[in-house]
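Undergrad: So the chains spell out like this:
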Amino acid sequence: MRETTSVLPLAVSDLTFEAGGKRLVDGIGFTIPRGGLTVIIGPNGSGKSLTLRLCHGLIAPSAGAIAWAAGEGTLAGHKRHAMVFQKPVMLRRSALANVEHALAAAGAGWSERRSRAREALDRFGLTDKADRPARLMSGGEQQRLAIARAWALRPEILFLDEPTSQLDPGATRQIEQMILALKAEGVTLVMATHDMGQARRLADRVLFLHRGRLVEDAPAETFFSGPASAEARAFIAGDLVW
Amino acid sequence: MDIAQSFAAAFALILGADPAFLAIVRLSLAVTLTAVAVAALIGLPVGALLALSRFPGRGAVIVLVNALMGLPPVVAGLLVFLLLSRSGPLGPLGLLFTPTAMVCAQAILVLPIVIAITRQLVEDLHGEYREHLASLGLTGLRAIPTLLWDGRFALATAILAGFGRASAEVGAVLIVGGNIAGYTRTMTTAIALETSKGDLPLALGLGIVLILLTLGINAVTYAASRVGARFAG
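So the protein sequences, as listed, match chains A and B.
Take the first sequence: its letter number 94 is residue 94 in my numbering, and every next letter is one higher.
Adding 242 to a residue's 1-based position in the second sequence gives its number in my numbering.
Just so you know, these hints were derived from the structure itself, not from any lab.
Note that the structure is a prediction, hence the values are computed from the model and not measured.
Where a beta carbon is used, it is the ideal one built from N, C-alpha and C, also for glycine.
Don't take every hint at face value.
What the hints assert, rightly or not - Cross-link-like lysine to any residue pairs, in silico, SDA-like; alpha carbons within 20 Å at most:
| # | chain 1 | residue 1 | chain 2 | residue 2 |
| --- | --- | --- | --- | --- |
| 1 | A | K87 | B | A376 |
| 2 | A | K87 | B | E373 |
| 3 | A | K87 | A | A184 |
What the hints assert, rightly or not - Stretch by stretch, here's where chain A covers chain B in the computed footprint (C-beta under 8 Å, at least three residues):
| # | region |
| --- | --- |
| 4 | 248-255 |
| 5 | 280-288 |
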């Protein structure tokens, strides 16, 4: 009997998503092993966000498979993948209660909730914001809280959908530092972005999407120094709009 | 008796805490508060359910509930009267002309308000929260507790609106309660009766209490929305 200790690798094959007669994600396939930061990059409408949502199980694919090493990405009844959205969804409660709510949904007991939520806020420098209504915090603080809330769930893999696209440079830098800290902790990360500079700063591996297709899957260094496809060269040069 | 004398007598009644006067106020509050509690207990979950479920004819149900917010109190009273009258389906319970019958009638008036406002509010909130809640595994009906709790300040406003409607109506409680002195006489039915009898001080006194009550409800509603704004942003 093989003991399963990880939901990874995540194997995605022939992933297709259609809506309104349009094929928005078109036969994508890739594997996410444990560790590292994979950036999904591509112009607007290339299917980055949809790919993340499909992997996280928020929407069902029209065709293809999303195969986790264990269950549906769950281990011992616990979902081991979490997601941070472009526009953080803040419940109408305090910062601390936002984290506690996520832990309660994951089945944590009352006292465990409290201590793990405090730990998450401490971990990401939000200790003094614990009692503030989450929706009254700044955009950068909200996104930090969203990441802290996801981290509190102890995911093996975290999907991030353009987490800094609505933030100013200072807040973006903070979020990027958080992401790197998560990577150092061993959390596997998959992040969608259309920010080339951010991809250069963070990526270990790049998946380049264009019009719903996976055009390139390469180590970051290779991708940025010598992209194989004409589309990727045009995108890096800033010529490819869609 | 001129108007000035009537007002003076009315204030004397209020300040003197006349027992018969207080009994009417107490009964009115008890009936209306119970009716609102019953309507909230049923209306909050039903409204949330209506917000999250999809079934054929859902649009028609929403239109019907919205329309029932304007149900004339006398019609609600008539319906409850028919149900509870001796030959009606619930006649054997012997509830006609009791405070329980008045609670039923007022709950029917308040229920559409609570359901309609809850439905709208929960639907809007769910639109905003859906992806995050789904990410946490809170899909379908499991999203309801979060949505009701996060809508608590706006929902309090809905419930207070229901309280306002129930405390002000006269038609329903008059029909099913019968305006029996000391038993089913409420502020509104007493005002209607005493005015026609010419006992203006009692009618005026009760009218003043009713207006103060309405003012109080609106102050609480305003405070609830302010507190909500501070917490919810």
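Undergrad: Given the hinted pair A:K87 and A:A184, is their Cα-Cα distance within 20 Å?
TA: Roughly 25 Å separates the two Cα atoms, so the pair is violated.
Undergrad: Hey, A:K87 versus B:E373, does the alpha-carbon distance stay inside 20 Å?
TA: holds, 11 Å
Undergrad: Under 8 Å between beta-carbons, do enough residues of the region 248-255 of chain B, three at least, approach chain A for the coverage claim to hold?
TA: violated (count 0)
Undergrad: Does the region 280-288 of chain B contain three or more residues whose Cβ lies closer than 8 Å to a Cβ of chain A?
TA: This one is violated; 0 residues, fewer than the three required, reach chain A with a Cβ under 8 Å.
Undergrad: When you check the alpha-carbon spacing of A:K87 and B:A376, does it fall within 20 Å?
TA: holds, 15 Å
The structure fails to meet hints 3, 4 and 5 from the earlier list, while all remaining hints are met.
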